[in-house]
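A.B. asks: With chain P held as given, fit chain L onto it using these hints.
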Amino acid sequence: MANVDVSVQTGDQPAPPPKHPNTCPSCHSHYRDDELDAALRVCPQCGHHFPMRSRARIASLADDGSFVEEAADLHSEDPLAFFDLRPYTERLAEAEVSTGLADAIVIGQATLDGRGCELAIMDFSFMGGSMGSVVGEKLSRACDSAAERGVPLISVTSSGGARMQEGILALMQLPKTVCAVEDLRDSGQPLINVMAHPTTGGVLASFATLGDVLLAEPGALMSFAGPRVVQQITREKLPDDFGLAEQNLRFGNIDAIVPRPQLRETLSTLLRLFDAPV
Amino acid sequence: MPPSEHELRLRERLGRLRSMPLLGGAKLSGDLLRFQKQLDRLQQEATDEEIWRSVELARNDKRPYTLDYVERLLDDWFELHGDRGNADDGAMVAGLGKLDGRTVALVGQQKGRDIKERAERRFGMPNPEGYRKAMRVMELADRHGFPVVSLVDTPGAYPGVAAEQHGQGGTIAASQAVMARLAVPTVACVIGEGGSGGAIAIALADRVLMQENAIYSVISPEGCAMILWRDAGQAKKAAAAFKPDAVHCLELGVVDGIVEEPEGGAHTDPDEAARLLKEAIVEQLDELADVPGDELRRLRRAKFRSLGVFA
Chain P
1 MANVDVSVQT GDQPAPPPKH PNTCPSCHSH YRDDELDAAL RVCPQCGHHF
51 PMRSRARIAS LADDGSFVEE AADLHSEDPL AFFDLRPYTE RLAEAEVSTG
101 LADAIVIGQA TLDGRGCELA IMDFSFMGGS MGSVVGEKLS RACDSAAERG
151 VPLISVTSSG GARMQEGILA LMQLPKTVCA VEDLRDSGQP LINVMAHPTT
201 GGVLASFATL GDVLLAEPGA LMSFAGPRVV QQITREKLPD DFGLAEQNLR
251 FGNIDAIVPR PQLRETLSTL LRLFDAPV
Chain L
1001 MPPSEHELRL RERLGRLRSM PLLGGAKLSG DLLRFQKQLD RLQQEATDEE
1051 IWRSVELARN DKRPYTLDYV ERLLDDWFEL HGDRGNADDG AMVAGLGKLD
1101 GRTVALVGQQ KGRDIKERAE RRFGMPNPEG YRKAMRVMEL ADRHGFPVVS
1151 LVDTPGAYPG VAAEQHGQGG TIAASQAVMA RLAVPTVACV IGEGGSGGAI
1201 AIALADRVLM QENAIYSVIS PEGCAMILWR DAGQAKKAAA AFKPDAVHCL
1251 ELGVVDGIVE EPEGGAHTDP DEAARLLKEA IVEQLDELAD VPGDELRRLR
1301 RAKFRSLGVF A
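Order-wise, the sequence lines are chains P and L. Residues in the first sequence are numbered consecutively from 1, following my numbering. Residues in the second sequence are numbered consecutively from 1001, following my numbering.
Since the hints were made in silico from the structure, they are not lab data.
Label-pair ranges, simulated between beta-carbon atoms:
1) P:C27 x L:D1088: 45 to 51 Å
2) P:P21 x L:K1236: 33 to 39 Å
3) P:V229 x L:G1264: 32 to 38 Å
4) L:E1279 x P:A59: 54 to 60 Å
5) P:V229 x L:E1056: 20 to 26 Å
6) P:D64 x L:N1086: 47 to 53 Å
7) L:I1227 x P:P261: 30 to 36 Å
8) L:E1139 x P:D255: 19 to 25 Å
9) L:D1088 x P:R32: 55 to 61 Å
10) L:E1295 x P:A56: 41 to 47 Å
Heads up, the beta-carbon is just placed ideally off N, CA and C, and yes, glycines get one too.
In isolation and in its complexed conformation, chain L is listed as follows:
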């Protein structure tokens, strides 16, 4: 397989870093290590089996959810509720907290642990009211100069009658538009399922990360199998065809980095998974800290506008 454009870019950056005199110290060698790691990953093309393993791990019901990370990542967490118009959607959490000493706004979909909570949080599938809550809190962050961290974990936006009546499609678009306008640093990380429009609604960020065993896709494997093979049982085949795993997303330039998980998956050691996630998010926020707001916005839009393959 010929090296992808992204791989070439990484190689070039790696080459440049290696030839630089060691002025930057720890920061630079950190970059070096990071690029080398990502390059190594790209060279190991995920097999169909590995892709399906990711799908299963991403959906593992012991996997840490947004609030599990919140309690391990943030101090002084204060959850904010409601969209100020209609409802408080449990499938989306939002709030303020201290990350490594700085105040951040955090938004993210939330799945439930037991049957009752799962129903209340609709398996992490937000209604328009959930996205409006996220938008409200992101705009609050923008007014006060707080960086925005979003944790993505949803099978998709909720496909309900009321959701449609209340403008699910338009709200997902509006939430992306809010993120395209923010003048504060934004980091998104897919921590489980990055399901289609419901995920991208809160993932138009300066830096997009993905946990090693997370998936990010345009449609669920079952949905794709239903449409193309007319058989939901072909989900494995569908996943192999559209490649929702982290390595492929990195290769296509859709995510900027992969966040390591403990051996065996994030659920085997949530504390360690949270430590690795925190390290990755803080590193990105540090890099973005001194970039002026207008510049952040310009670069963010330019990045997303460059995505796609055509001739």
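Extracted from the complex, chain P is given alone in its bound form:
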């Protein structure tokens, strides 16, 4: 029998990056929307965590029908009349239409396994989850709401950092949210923060890391400076797990990595430990 060459010519170039949002970037399995949603948008093959929208996140955490949204109608203004390639107002309008959200965070009251809590859930789909005046204000109001009602605040972060289009006022959302968390602390209520991919820049450098308990999803990037910036400026060789949740756990920066299917149960345990009101 003749030798048949069945080897595949791969060359040196890596496989082209998958384009479809439902194709797993890690194992290239492909899913229908309903399959992924049923699996909490975690790849059933390899466990890769796909991005999760804020509404879906709330549905996965809050008891059915318990979520009461707050400050839903807050909108960003354009204090600098910022214009890069397009006006900021246009980017905002476009993000609002494509996401159905007013900005990159949703806050509100909820119960989880019957215990009261306040939720503050970021949404990366809205301008990369960037933090401008609205995100800062809503996070602050979530702190106040939790303090007033005597319940813990659970935040899930997913953000590229401060929103450049709001200039220095975006930077001021760092101290603003820090002050709000300090007020929450003085009221005696805990902050539990879950870092979803990615939690970087200004959000990592403010309220996200001030949680009494810090959790992260597997593979979440949580670095202050992005890998590209670090490489460009320092010319250092980056470790494979640079800035990832796994590295941060090893270096003692977070308490635990919790896969999404176990997140609700973990938060339920924590609410019990902090004696959240039934």
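C.D. replies: Structure of chain L alone, referenced to chain P:
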């Protein structure tokens, strides 16, 4: 351009001061002069060229750095070293000294003058260890009732592999949280580059000042240009778009006052620049001296919590 809310506030305070009988004497007329000056500034909107001139002056390598001011501002300076755990970061200096007769703790980023010192001080970009040193010294000040003065001059926190491993983001947050808890008067002044998270880490103060030619921004002009225009060469355009100059920061209510510099910039006459800076800091500390600690903390948090524009 319609007057900004900040301008209206200044106008109102100015009006009130003018109509008051001259009871307060020199103090009051000083206020009057200060508000009038700031109002005049607001009316001269900085042009794109002026904004870029600020960027260049803020980064001028002859510009006085933190330790240049320390030697001109403070008597009996005693530098404190190390974060008590891991390292002594040269990009952040901290210590105690006498300012106009009172003991203060001073923290600030420090850039280097020659190549060797620049490398040692990482161009004023602190590692987490630097912020931990600053936090330690601020907490020391709190225990002993010393006011805290911070001088901000950094392109940003250091973006290194070890810095990330040692929790750069979390440390910047923790440093702000320490400042939000202090029960002593705090005054921060941006004396050069107020670069993003690396700057705000030591700038959550009762009063935030900015030198005339300093810049304060969420990202460097080059970084912004890289992300939005995909071309670092568009830095000038980026700076014009996000307006990091002192006048705009005052207008947005981000800083409480602008500290004058000698004609041509602080580097032309460091002694005079230091005299003006000292005057401004002492004035703020005098105003805060009799406010109880709890009240300072409450007002400080309320001030930062009010920042932002939304509808």
